[in-house]
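Whatever position you read off the sequence shown (first residue = 1), add 10 for the working numbering.
No wet-lab data here; the hints were simulated from the structure. Warning: the hint list may mix true and false statements.
Stated by the list, open to error - Each computed DSBU-like pair below joins lysine-lysine, with the alpha-carbon atoms no more than 35 Å apart:
| no. | residue 1 | residue 2 |
| --- | --- | --- |
| 1 | K501 | K281 |
| 2 | K281 | K125 |
| 3 | K125 | K158 |
| 4 | K281 | K158 |
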Amino acid sequence: MEGLGLVRRLGVTALGLQNGPHRVTVRRDIEVPAADGVTLLADHYAPVDVERPPTILVRSPYGRRGPFGLMCGQTFASHGFQAVVQSVRGGFGSGGVFEPLDEREDGLATVEWLKAQPWFGGTFAMHGPSYLGYVQWALAAEAGPELKALSMQVTASTFRDAVNVGGTFALESALIWVDVTARMKHPLSGLTTGIMSPRRARRATLSGRPLSELDSLATGEPQRFFQELLTNGPDTPFWDRRDFSPMVSQVQAPVNMTGGWYDIFLPWQLKDYAALRAGGHRPYLTIGPWFHADARMMRGSIGESLAWFRAHLQDDPSELREQAVRLFVTGLGEWREFPDWPVPGMREQRWHLQPEGALSPDAPPESEPDVYRYDPAHPTPFLGGPTLLGDTHPQTDQRRLERRRDVLTFTSEELTEDLEIIGPVSADLFVRSDRPHTDFVVRLCDVAPDGESLNLCEGMRRLVPGTPEEDGDGVRRVAVELWPAGHRFLKGHRVRVQVCSGAYPRIARNTGTGEPIGTATEMVTAAQEIFHEPGRASSIVLPVMDG
Numbered sequence: 011m012e013g014l015g016l017v018r019r020l021g022v023t024a025l026g027l028q029n030g031p032h033r034v035t036v037r038r039d040i041e042v043p044a045a046d047g048v049t050l051l052a053d054h055y056a057p058v059d060v061e062r063p064p065t066i067l068v069r070s071p072y073g074r075r076g077p078f079g080l081m082c083g084q085t086f087a088s089h090g091f092q093a094v095v096q097s098v099r100g101g102f103g104s105g106g107v108f109e110p111l112d113e114r115e116d117g118l119a120t121v122e123w124l125k126a127q128p129w130f131g132g133t134f135a136m137h138g139p140s141y142l143g144y145v146q147w148a149l150a151a152e153a154g155p156e157l158k159a160l161s162m163q164v165t166a167s168t169f170r171d172a173v174n175v176g177g178t179f180a181l182e183s184a185l186i187w188v189d190v191t192a193r194m195k196h197p198l199s200g201l202t203t204g205i206m207s208p209r210r211a212r213r214a215t216l217s218g219r220p221l222s223e224l225d226s227l228a229t230g231e232p233q234r235f236f237q238e239l240l241t242n243g244p245d246t247p248f249w250d251r252r253d254f255s256p257m258v259s260q261v262q263a264p265v266n267m268t269g270g271w272y273d274i275f276l277p278w279q280l281k282d283y284a285a286l287r288a289g290g291h292r293p294y295l296t297i298g299p300w301f302h303a304d305a306r307m308m309r310g311s312i313g314e315s316l317a318w319f320r321a322h323l324q325d326d327p328s329e330l331r332e333q334a335v336r337l338f339v340t341g342l343g344e345w346r347e348f349p350d351w352p353v354p355g356m357r358e359q360r361w362h363l364q365p366e367g368a369l370s371p372d373a374p375p376e377s378e379p380d381v382y383r384y385d386p387a388h389p390t391p392f393l394g395g396p397t398l399l400g401d402t403h404p405q406t407d408q409r410r411l412e413r414r415r416d417v418l419t420f421t422s423e424e425l426t427e428d429l430e431i432i433g434p435v436s437a438d439l440f441v442r443s444d445r446p447h448t449d450f451v452v453r454l455c456d457v458a459p460d461g462e463s464l465n466l467c468e469g470m471r472r473l474v475p476g477t478p479e480e481d482g483d484g485v486r487r488v489a490v491e492l493w494p495a496g497h498r499f500l501k502g503h504r505v506r507v508q509v510c511s512g513a514y515p516r517i518a519r520n521t522g523t524g525e526p527i528g529t530a531t532e533m534v535t536a537a538q539e540i541f542h543e544p545g546r547a548s549s550i551v552l553p554v555m556d557g
């Protein structure tokens, strides 16, 4: 046992984490009864020289051994906490069939079991990223007063709008995730899925087959959850029991949130933050230059969680920062701290699209609209931005994309002084299309003096007949919510806005026909017009920091 303890400590060090002073014992494969009689398996880590300390509960679909066991079990226990790392239903030895996003009942049953254990010290917290954070929201409002703290990373209380971002379908992330979870019964799957699942998903999306066949191409067989996502849009009852956002303001346990500027869930994580603030709570928020599965974020979140748990489980707030919000400003490479989000001192500034590809805070003159044609048979690709896993990088030089005829760019003059933005970003487009079913994608970029165009944030919106309404000329006013940003455009750089109608395979192509997305095969091109004139002044709204 002593030798195994040393191996675990070495494993923690290999992950770039710091071991605490305590030796740790582990009990494996403890049976936890679910309400319907299914048995869930958990591992229990405990510091050997601390009597009934607080417990950290972690519920995972990705296994309870390997990196997750070391990060969430061994590390927390070595710092004086107990840790219970549980495999959710249907994976890694836990009974039943995995039901994605259906975690409330099993979570509450696990909490009741935890409270009944002789070693339970009377208080517990929860920790984890992504799905491991979602399961916290699933039970947090009903877990009882023993729940003293939550620490969650790159997650949200609902995935409804992240799957259907702007009314589109987040194809690549959905396909990667169903491939990961389809293989989670295999003991070694965690070692390979991070590399192989994105590749399998990408090959499937490039096959040209209908969306309803892509899960079979990636995983080898149809996946019920993927098929359900294709047939259940954001306004269907399917999502209601999987959406815990109405409960967020009722959560009493203090919440620590970590997000990334390039994370697929960031906009909805910030909606959770706003709901907590509206409920009178003071959550902590950290946003770094990270994407969803960024190892730097994972490592850093352990230290932040330990400080949070010491403050709220052991009455030791000495390691907490004074300001609740900590943000990394890209372009400057600097961390900043603020009392709240949106940050004080921010003001919205509208930058208008101009004729001849210009961009300026000035109102546009009378001008003809810019036009392009979108062909779903050759969809505008996605080069870089918010990603789940994937071979794409969060930031990528966009010049190859900007040379395409189906991408419009609007670029400012060189900045004569630094321009800093921190906060929500949105776009207000006046568009006309010859297809009632079509998409628009808006992307904000920073153009360096050498011409490199790096993407900062983006958003997309799917249009359907009557939404939004057309005016007498067939022009529609389209609001697009982009990802938030914290960035400094340096003097000599330029601000650029891209407008196009695809980001494939990040989002499914719009075939232009209005057919169900899973089975659509006919594809029609769309003639798109972007207006920039008085009364139809398309623009992007930037959260500018004065001074």
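Hint by hint, here is what the structure shows:
With a CA separation close to 33 Å, the supplied pair K501 and K281 stays within the 35 Å bound. Under the criterion of a C-alpha separation no larger than 35 Å, the hint pairing K281 with K125 is consistent with the structure, at around 31 Å. The straight-line distance between the Cα atoms of K125 and K158 is roughly 13 Å, inside the 35 Å bound, and the hint therefore holds. Straight-line distance between C-alpha atoms of K281 and K158 comes to about 22 Å, which keeps the hinted pair within the 35 Å bound.
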